[in-house]
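Chain by chain, the residues run as shown.
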Amino acid sequence: MSIKVRYFASLKDQLGHAEAELAVNGPLSAREIWQQLNPSVSLPEGVLTAINLEYAQLDTLVNAGDELAFFPPVTGG
Amino acid sequence: MSIKVRYFASLKDQLGHAEAELAVNGPLSAREIWQQLNPSVSLPEGVLTAINLEYAQLDTLVNAGDELAFFPPVTGG
Amino acid sequence: MQIVISEERIDPWQTLSQYPAPAGYGATAIFIGTMRDFNQGDDVTAMFLEHYPGMTEKQLLNIVTAASQQWTFEDCLLIHRVGEVKPQDTLVIVAVWSKHRGDAFDASRFIMETLKHQAPFWKRETLVSGEIRWVERNSNGYSQ
Amino acid sequence: MQIVISEERIDPWQTLSQYPAPAGYGATAIFIGTMRDFNQGDDVTAMFLEHYPGMTEKQLLNIVTAASQQWTFEDCLLIHRVGEVKPQDTLVIVAVWSKHRGDAFDASRFIMETLKHQAPFWKRETLVSGEIRWVERNSNGYSQ
Numbered sequence: 191m192s193i194k195v196r197y198f199a200s201l202k203d204q205l206g207h208a209e210a211e212l213a214v215n216g217p218l219s220a221r222e223i224w225q226q227l228n229p230s231v232s233l234p235e236g237v238l239t240a241i242n243l244e245y246a247q248l249d250t251l252v253n254a255g256d257e258l259a260f261f262p263p264v265t266g267g
Numbered sequence: 191m192s193i194k195v196r197y198f199a200s201l202k203d204q205l206g207h208a209e210a211e212l213a214v215n216g217p218l219s220a221r222e223i224w225q226q227l228n229p230s231v232s233l234p235e236g237v238l239t240a241i242n243l244e245y246a247q248l249d250t251l252v253n254a255g256d257e258l259a260f261f262p263p264v265t266g267g
Numbered sequence: 365m366q367i368v369i370s371e372e373r374i375d376p377w378q379t380l381s382q383y384p385a386p387a388g389y390g391a392t393a394i395f396i397g398t399m400r401d402f403n404q405g406d407d408v409t410a411m412f413l414e415h416y417p418g419m420t421e422k423q424l425l426n427i428v429t430a431a432s433q434q435w436t437f438e439d440c441l442l443i444h445r446v447g448e449v450k451p452q453d454t455l456v457i458v459a460v461w462s463k464h465r466g467d468a469f470d471a472s473r474f475i476m477e478t479l480k481h482q483a484p485f486w487k488r489e490t491l492v493s494g495e496i497r498w499v500e501r502n503s504n505g506y507s508q
Numbered sequence: 365m366q367i368v369i370s371e372e373r374i375d376p377w378q379t380l381s382q383y384p385a386p387a388g389y390g391a392t393a394i395f396i397g398t399m400r401d402f403n404q405g406d407d408v409t410a411m412f413l414e415h416y417p418g419m420t421e422k423q424l425l426n427i428v429t430a431a432s433q434q435w436t437f438e439d440c441l442l443i444h445r446v447g448e449v450k451p452q453d454t455l456v457i458v459a460v461w462s463k464h465r466g467d468a469f470d471a472s473r474f475i476m477e478t479l480k481h482q483a484p485f486w487k488r489e490t491l492v493s494g495e496i497r498w499v500e501r502n503s504n505g506y507s508q
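Protein chains in written order, with the working numbering: chain A, 191 to 267; chain B, 191 to 267; chain C, 365 to 508; chain D, 365 to 508.
Do not rely on the hints blindly, as some may be mistaken.
Covered by chain D, according to a simulated footprint, are these stretches of chain A (three or more residues, beta-carbon under 8 Å) [unchecked claim]:
1. 195-209
2. 236-246
3. 253-266
By construction, these hints were calculated from the structure, which means they are not laboratory data.
We put the beta carbon where it would ideally sit given N, CA and C, even for glycine.
Can you build the whole structure from these sequences, using the hints too?
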């Protein structure tokens, strides 16, 4: 079972990739998932996160099968 | 020397005419001019007045050669 | 800046598409007022928009000038219909072009509200019953 | 109600002229955001608008739904451009049709402000120098 992780905009450029998969045995927080996937990159200040296309907190638990996204502040409009 | 007086909208309909001239010897207030021109019609509540195309008060003095207007609350837009 | 009193029907999209947009704008806020076929519980079949020629132009210019002293914008187009109008006709267009959206939003709304309470226009409605009546007062668009 | 993510250039007046206006409206408030050729002191020659497909549509729908719970309006059209854009291109259109002008003004502004802070779009600018940079943050359009 795994969680699909997506990165957008400057975060994607910084990490050098747009997507990752993390195999999990149980729920993990968004913050923990970042740390496991990017152990050498501290979570950027102001980063936003979404679970299954809705905004979430970094402490929200993510389950296997969920889509988790990390992105910088939005700048549309 | 005279003052030109104009009425608009429902006020014009009520009085039955759109314009009047009042011969004057000196300045009169807008209120006095109404009373001289329409002695049997009391000044309607909420009536607005303009002198030379700018809003004025009923107590503002009007001089010979000025254009004075009376009209109900505006309803454009 | 352009202020127009129009006795002709106004096509808002054609008018706006033909208006030369100013340089350097990033935000456009537009308000369009359209005649409805219903007012105060009655079906309205036609309307006459009376105005005070000369004072109207002067007051509209005063209003746009006051807006330009309070907010920063690149250009403003203000068109108001007069004469005989029918339901679905455009009555008024206010368009403000600015660098920043806050200015365009604020200025267009200020112009519209101030026009509603200061510009010498008066609406006379013809109801489906044949009755003709003057609209007595405009509402406040901020508190709705 | 229509929410559109567009990879094609948008002609705002043609789009609005072709949109079927709802019955019974008297007020239309429209905001159009246009790409400028200047940002934060630098000449900008092109821009790429990245977005999060799926989440974008969902968030825009959330925003319009929230507006419809706070204000009464007959219809809303919301279009946002994505992909490669050039100066003078339309980036966003918000149009709200309502019976009363206060609702159209308030709802269109709310939708625009909330979109600016919640909808997952990101701007990447190409400067005249060749430098490419991500825009870092949107400003607050109420306090400008």
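Verification of the hints:
no. : hint    : verdict
1   : 195-209 : holds (count 5)
2   : 236-246 : holds (count 4)
3   : 253-266 : holds (count 7)
The structure agrees with every numbered hint stated previously.
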